[in-house]
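**Q** Spelled out from the first residue to the last, the chains are:
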Amino acid sequence: MVMRDALINRIYEKLKIDQSIFFVSADFGSPALDKLREDFPERFINVGIAEQNLVSVAVGMALEGFNVYAYAIAPFLSMRGYEQMRTSVSIMSQVRKININFISVGAGLSYDVTGPTHHCLEDSCIINVLPNFMIFSPSDSILTEKFVEFANKNCCPKYIRLDGKAQPLIYNDNRKVFLDQTFHELRKGKDVCIISTGYMTHKAIKIADMLEEKNISTGIVDVYIIKPVNDVELFKIIRDYNHVVTMEESFLNKGSLDTIVERICFENRACVKMNKIGFKDKYVFDVGDREYLYEKNGIGDQDILSNIIKTHEMD
Amino acid sequence: MNSIKELENKAVWVKKELLKIHKIAPGIRLASSLSCVEILTVLYYGGILEFNPKDSFWSNRDRFIISKAHGSVSFYPILADLGFFDKEQLKKVGKPGGILGDIPDCSIPGYETVNGSLGHGLGVACGIALALKINKRNEKVVVLIGDGELYEGSVWEAVMFAAHHQLNNLTMIIDNNKICMLDYCKNIINLEPIDEKFKAFNWKTDIVDGHNIKDLYNIFKIIKKNNFNQPQAIIANTVKGKGVCRLETDSLCHIKALSEAEIDKLLEEMN
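The listed protein sequences derive, respectively, from chains A and B.
Position one of the first sequence corresponds to residue 2 (our numbering), numbered consecutively onward.
Position one of the second sequence corresponds to residue 4 (our numbering), numbered consecutively onward.
Since the hints were made in silico from the structure, they are not lab data.
Mixed in with the good hints, there may be bad ones.
Said to hold, decoys possible - Subject to a maximum C-alpha distance of 25 Å in a straight line, what follows is the list of computed BS3-like cross-link-like pairs (lysine-lysine):
1. Lys268/B to Lys94/B
2. Lys17/A to Lys154/A
3. Lys181/B to Lys217/B
4. Lys207/B to Lys136/B
5. Lys136/B to Lys98/A
6. Lys23/B to Lys136/B
7. Lys136/B to Lys95/B
8. Lys98/A to Lys139/B
9. Lys98/A to Lys181/B
10. Lys217/B to Lys228/B
11. Lys136/B to Lys17/A
12. Lys166/A to Lys191/A
13. Lys154/A to Lys15/A
14. Lys19/B to Lys268/B
15. Lys217/B to Lys19/B
16. Lys19/B to Lys15/A
17. Lys274/A to Lys255/A
18. Lys17/A to Lys139/B
19. Lys268/B to Lys15/A
20. Lys228/B to Lys139/B
21. Lys166/A to Lys277/A
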């Protein structure tokens, strides 16, 4: 299932019993949203193609006690409305209660063939800069659905970046996973620990399997709350390894997951080898599907594998 | 409710208090804060807005959003006088440990939102107004915006939104003091005719002399009684730096500060 529809379906269920929920969109839709709009027209507003106003109007409603979901495509929500997020959400929420939830659809290269303007490699970096924001980066629909309960109970600004395409389920085996743990150890290993988020967790599972075939014992940690990640608990896992790999569909070295893991290692004086898998300082103009774009940008599966092995073999 | 004469005297008092603040805080935007003195005086002493100084977020209050926050230091003495905070704070503007900085925000009792950055107030006010309507509440939303602030595109996103959703519980007062930071607005980007613009965007639009207490009072009375299906724009024609001769005629008055001697002389003249 596409994550945004899983999320909207959960919100739809909540709308029936919780009068405080309101949904605002910047002229962005989905099949699940069509149903919500039809059945709850008085709980939905389309502000039009106006992301700045989306943020401001959503804040105004939140100030009056609504639990607001503000929905738009990732690059324009995070960047067109960024100063509004800074002024009216990040700054103002230090004084006033604002339960606002930004649903940002199309993380990373979800919208692969639509070109660089519709990619979003920036948001987990730039939203991370803003104080008082939580950043959610779920890897499947099951985690995504849990967001609604969490959102209602925790009155603070939240940004949830969702993949734009349907992804396989990871958390469908009834294991107990709680959002406020901020991450989950999917696999325990001995040699390499892959710390990944969102779409890249699916790739991490693939890469880990390939590494196991080469007798490199690989652990996987799926981080679904990038900010604030539980760094104390995360380090308890990292310290068992001497080689860490971060994987995210974001720009590298700009403040996202890679920077966070680096900081945790540095602060704890951990002596680890590190690979960072993500996107370098260039936009992606290549035309093709996600796998093709990864190949062209030096992070196809074989590239990732050989980089990790090369580092693993270093002293 | 105060009489027109009492309100006029109050406005003079507010100006004096503002000048006293300027003496200890030379960095405040004095000229911008002078152009809206009468507007603020009538709103708060003229029985126009509902508020509770002991509970600044009282649910039955009218929500007053000062979008031109930098130019609202004249609001400080009004809030202190009405009891929103201790009058002693007026002596600590910009000083360590005080609650009043050169540019206000909602950490100050009496302010609703964060507005040091321009162009945000109206959009947030639209969200508030919409929420009040959905909750079937009678409180009104009033926004004070600068004319130069109308350059921000985000304002017009909100203008369109308010009209489309017929937010007739929303009033925007434009402090039309004709000057930005570097020059007269007409030389930067000519905004006139402002009233025609708002009418074209389906707002009920009125023009008033922003320094005439009686006219302000008469037009603000409509705020509580908007029977139209439109949000309301009140274009208040004002003078930037009103009351200080050398500021009134200076296109660069935005950042001009007065010397202590000048302030003392003005206070003496006003007594």
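**Q** Against each hint, give a clear statement of whether it holds in the structure.
**A** Evaluation of the provided hints:
no. : hint                 : in the structure
1   : Lys268/B to Lys94/B  : 19 Å, holds
2   : Lys17/A to Lys154/A  : 17 Å, holds
3   : Lys181/B to Lys217/B : 22 Å, holds
4   : Lys207/B to Lys136/B : 18 Å, holds
5   : Lys136/B to Lys98/A  : 20 Å, holds
6   : Lys23/B to Lys136/B  : 41 Å, violated
7   : Lys136/B to Lys95/B  : 39 Å, violated
8   : Lys98/A to Lys139/B  : 21 Å, holds
9   : Lys98/A to Lys181/B  : 36 Å, violated
10  : Lys217/B to Lys228/B : 18 Å, holds
11  : Lys136/B to Lys17/A  : 20 Å, holds
12  : Lys166/A to Lys191/A : 33 Å, violated
13  : Lys154/A to Lys15/A  : 13 Å, holds
14  : Lys19/B to Lys268/B  : 11 Å, holds
15  : Lys217/B to Lys19/B  : 21 Å, holds
16  : Lys19/B to Lys15/A   : 55 Å, violated
17  : Lys274/A to Lys255/A : 19 Å, holds
18  : Lys17/A to Lys139/B  : 20 Å, holds
19  : Lys268/B to Lys15/A  : 64 Å, violated
20  : Lys228/B to Lys139/B : 16 Å, holds
21  : Lys166/A to Lys277/A : 24 Å, holds
In terms of the numbered hints stated before, the structure departs from hints 6, 7, 9, 12, 16, 19, listed from lowest to highest.
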